[in-house]
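Protein chains: 2
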Amino acid sequence: MSKGLPKRSEDYSLWYNELVKKADLAENSAVRGCMVIKPYGYSIWENMQKELDRMFKETGHSNAYFPLFIPKSYLSKEASHVEGFAKECAVVTHYRLKNSEDGKSVIVDPEAKLEEELIVRPTSETVIWSTYKNWIQSYRDLPLKINQWANVVRWEMRTRLFLRTAEFLWQEGHTAHATKEEAIEETELMMNIYAQFAEEFMGLPVVKGIKSENERFAGAVETYCIEALMQDGKALQAGTSHFLGQNFAKAFDVKFASKEGGLELVWGTSWGVSTRLMGALIMAHSDDNGLVLPPKLAPIQVVIVPIYRSNEELDAIEAKAHEILNALKPLGVSVHFDHRDTYKPGWKFAEYELKGVPVRIALGPRDLANNTIEVARRDTLSKQMVNLNEVDLKTFIPELLEEIQTGIYQKAFQFRQDNTTSVDTWDDFQKVLEEKGGFISAHWDGSSETENKIKELTKATIRCIPLDQQKEEGSCVYSGKPSSGRVLFAKAY
Amino acid sequence: MSKGLPKRSEDYSLWYNELVKKADLAENSAVRGCMVIKPYGYSIWENMQKELDRMFKETGHSNAYFPLFIPKSYLSKEASHVEGFAKECAVVTHYRLKNSEDGKSVIVDPEAKLEEELIVRPTSETVIWSTYKNWIQSYRDLPLKINQWANVVRWEMRTRLFLRTAEFLWQEGHTAHATKEEAIEETELMMNIYAQFAEEFMGLPVVKGIKSENERFAGAVETYCIEALMQDGKALQAGTSHFLGQNFAKAFDVKFASKEGGLELVWGTSWGVSTRLMGALIMAHSDDNGLVLPPKLAPIQVVIVPIYRSNEELDAIEAKAHEILNALKPLGVSVHFDHRDTYKPGWKFAEYELKGVPVRIALGPRDLANNTIEVARRDTLSKQMVNLNEVDLKTFIPELLEEIQTGIYQKAFQFRQDNTTSVDTWDDFQKVLEEKGGFISAHWDGSSETENKIKELTKATIRCIPLDQQKEEGSCVYSGKPSSGRVLFAKAY
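Here the protein sequences come in this chain order: A and B.
Numbering-wise (numbering that gives the first Met the number 0), the first sequence opens with residue 0 and increments by one.
Numbering-wise (numbering that gives the first Met the number 0), the second sequence opens with residue 0 and increments by one.
Looking at chain A on its own, in the form it has when it is part of the complex:
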């Protein structure tokens, strides 16, 4: 019934790739590294967008739209920014095709060469700050809190559906503030919003923290992040929020007249989450039977599958199914009655398991006679018979969905607890990393040199310096030099 999914324990990576394709989430396109997000996958992304967009607006942000193309020279204006992105930029050099001389094919028209090449945005700081220069004159124009939903392109060499694709969808917030304090507050606010979204909607526990210099966004003064742990013990960066200081204000000369009458550089932030979250959602919860979706993001929360041998039986079941639909839909429950006669119940059961539908209701003739339904939970794969004479579906189903949502989170939380290990020696570090994986909490001397060396030796990187931990003196797990606190190491996606 598993529709031929490989087992996680045998080949986690293959399991992921096959699951993404078989559950109709996404597939590779003819263009190297670019994916097609299929309707079922896209509807999950739409649910994510809806909640995030609401949270952004509730905290005073507005959406806008900035150009796809960035003049090559813009990218160079912020030194570390260009260094971070130049190596993976899609470059537009021409603006026209024409027929080849033999008329058999279409070629790039050499006469239609752009004066200045354009970069397809890998991120929009440069084009946005060049615009902000005109929008910001006085303290009255601040804060400016704008978000955009957009596609971006980073020419990655090794790509994986959702996790690392040449083109991906994301939102990028870009804000401008009068003071450093306010900008830092915004940076932290957005990290907290991301964490809240991940935990409440995705059922994904995350560690909030700060990136080491090595992992910092190109152009940021400080990068805040949320880090999650996948079932194979690898970490996944689920969202980042950058305090840009005055770096982009300097690069694009964005100044404002202060209340006191001075002319000051603006302080900035930027923050983003992407379709990578789809990868996190899939890998954090799913099992060998397929997807496990948290009810709050599931396109279909409840599916009703009829079990019948004759048309008369189907008619009676349909009547009952519509009663259930009519009871649940007004409550905002997304419920689907699958009355297709081209597929058998067993096929449908496997299909909805594969697609992670949280609750499945099976309805047969005996259920009608007894006024019962069989309710199956996707997350625990458990079933129960519900007697409708005793139970009101209008409270039972919403409560069950809530229970599943909480259960999924708790399971992932427990997994992370079980797979976060404190180590104090380099031997233990290597041993835990190799045998168990997960997050390793260890002392670090604070130098890029040590971080690079550890990465070179073990492939583990510092995922973050967690924000919510107590200060603790110690010595670096690798160099033995003094350390003022533990950081989280892991191999990462």
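Honestly, the hints are just simulated from the structure, not real lab data.
No incorrect hints appear here.
Remember, identical chains collapse to one label, so a pair may be satisfied in a single copy or spanning two.
DSBU-like mimics (lysine-lysine), calculated; alpha carbons at most 35 Å apart, straight line: (1) Lys-347 x Lys-49; (2) Lys-112 x Lys-76; (3) Lys-347 x Lys-179; (4) Lys-49 x Lys-144; (5) Lys-258 x Lys-319; (6) Lys-56 x Lys-393; (7) Lys-86 x Lys-112; (8) Lys-382 x Lys-328; (9) Lys-49 x Lys-20; (10) Lys-49 x Lys-207; (11) Lys-103 x Lys-454; (12) Lys-49 x Lys-354; (13) Lys-480 x Lys-490; (14) Lys-132 x Lys-97; (15) Lys-354 x Lys-56; (16) Lys-6 x Lys-458; (17) Lys-249 x Lys-112; (18) Lys-56 x Lys-295; (19) Lys-254 x Lys-103; (20) Lys-328 x Lys-56.
Position chain B relative to chain A; hints supplied.
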């Protein structure tokens, strides 16, 4: 108080450009032909998206996402399609930048040349049909009804904000069907949905019709459209829906096993509306004082402006304003209380007029004493005193918004009636076109030759062959040859 807008009667084109900028809708970016859609403009677009998306989903369509890039060779697979789009394609040829030898600038890395150039999608038929080939095997996979919200790029030489930009935002629907009849039905359905959206939400009367061969989409068998009339007497194509026949199925070899056991080519449609609709919305209703927005798309439907001389007065007004907010918000009315003390009431009045807010409520100390409010309508610029002892705002405001919505439509409808002229001679055709503009209903012999000649002589084109008119024999207004019905000519955006 008009914030320096030019008058429509003096320079319509300048009036439009200035209005788009001053009302904070959009502006030109540093990249030629690409616009920045500002938060206020974008929020109107979001309202459009929300309604259209709902209408698409209610008619069985799902959203998905396909790649931004199209291999150059794909574009060539459908002959007339490549001819239509090759001349205005942004072409990606490289995937990396590097430092120049002197280290002073960043250049395109000549070693990072793509094997096959990629086109930034001008429309997605080719990449989508190449995907559909894998998705469609049997009649069970049909119909396939997918939409995507995306950015597209057409390298236009003369651009205008919203109306014609190198990059624009749109939705593009792409459906696949088992029969010709079903595909034509879908094409017509989507044209009707566009018409319904334009009329009900944008307050924009449209003519539904079919394009002549000259104006047909490159790759379509038939193009349906909705055409609207702007205040300067020029027409604007507001949406198109294409019956693709089996053209793309042939080009990409998309066949299905029919119920009867045969192998048949799939029938297709595609349909789209874009941020061009923003241009139509602005030009159809606005006046010399600024935007006039239909309430159903207005980001702010009602604004409350306090008028006061002391803080005590403001406190009392605030209390009343919050009463009004609390009464209207639960009804779904978007109402904003502008209590900024950095601007005077007169400035705010002009600002909200410029931004097209449908209803403005002014609240001063005398209003508090009398339990009245002053209500101003943006569309008619009329004011009335409303006595709250006699009138219940909870019914008054929603009714007023409805009245404004209807009024805006009716005004535009009347304008179109007054500016649609039936002509039967070539002299009249030229005279009406020059002196009055608008839609000209005239007989046409059905040939591209005549249409081209008329365009050459007058710049007028056939906007559409209207669907809802009676058959009428006549002779072509230009060639005198027989004609079986009138078509609509106009100069167009």
